[in-house]
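For reference, the chains in residue letters:
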Amino acid sequence: GENVEQHPSTLSVQEGDSAVIKCTYSDSASNYFPWYKQELGKRPQLIIDIRSNVGEKKDQRIAVTLNKTAKHFSLHITETQPEDSAVYFCAASKVYGNKLVFGAGTILRVKS
Amino acid sequence: DSGVTQTPKHLITATGQRVTLRCSPRSGDLSVYWYQQSLDQGLQFLIQYYNGEERAKGNILERFSAQQFPDLHSELNLSSLELGDSALYFCASSVTNTGIGDTQYFGPGTRLTVL
Chain A
1 GENVEQHPST LSVQEGDSAV IKCTYSDSAS NYFPWYKQEL GKRPQLIIDI RSNVGEKKDQ
61 RIAVTLNKTA KHFSLHITET QPEDSAVYFC AASKVYGNKL VFGAGTILRV KS
Chain B
113 DSGVTQTPKH LITATGQRVT LRCSPRSGDL SVYWYQQSLD QGLQFLIQYY NGEERAKGNI
173 LERFSAQQFP DLHSELNLSS LELGDSALYF CASSVTNTGI GDTQYFGPGT RLTVL
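Heads up: the sequence lines are chains A and B, in that order. Residue numbers for the first sequence follow our numbering, beginning at 1 and rising by one. Residue numbers for the second sequence follow our numbering, beginning at 113 and rising by one.
Simulated from the structure, these hints should not be mistaken for lab results. Here a beta-carbon is modelled for each residue, glycine too, at the ideal position from N, C-alpha and C. Errors might be hidden in some of the hints.
Stated by the list, open to error - In silico negatives: residues of chain B with every beta carbon more than 12 angstroms from chain A: (1) D113; (2) V131; (3) G154; (4) K169; (5) N171; (6) E194; (7) L200; (8) S206; (9) L227.
Said to hold, decoys possible - A few chain A residues that face chain B, going by a derived Cβ cut-off under 7 angstroms, partial list only: (10) P8; (11) R43; (12) P44.
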């Protein structure tokens, strides 16, 4: 089955710096890749997603890139702010049976 | 607020007991997914229902079962509870089960503590 690896497990950045989180997936049939942000004890919240027919997507300070050949995708957060501190999860799914397979998560700490 | 509701918010029970977790999807969403989040296993898919029928099964134990009712709400039943079942249980919903990746919106979760 699908396996999603996520790196790094923790990431500390200074406020205003950029943060990059990377994920690789194993199943070449996967074609939907969402990113979720989860604050302590709260629900995972979708922050951005990308589908396999697109190589890059941007939403204000957040961007996601996808390399289908290499089977990896990345989350880029620019101009980080303290409120960006949270756990970020990448995930992958296929067309049918849309279960999400999650990475292990990245704890992002933005220091002010 | 995602529009997905879950009850109860917290549940404390003893080993060997049975509990029922409830989820109401967003208005118009036909698919409901259940996920378990524990410290050692991360976010794991359990089971998916689409318009009342089971569509996909993940690493769901035989002691666990679920169903989706005609009004599209779903219940996850956990029986013969063990200490290791303590976790956050999330429900998510999406519009449909077809197409390239339907966005899943998560509910607030139910925190289950088994003592």
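- Message: Going through the numbered hints above, which ones does this structure break? Give me the numbers in ascending order.
- Response: Violated hints (numbers, rising): 1, 3, 4, 5, 7, 8 and 10; every other hint is consistent with the structure.
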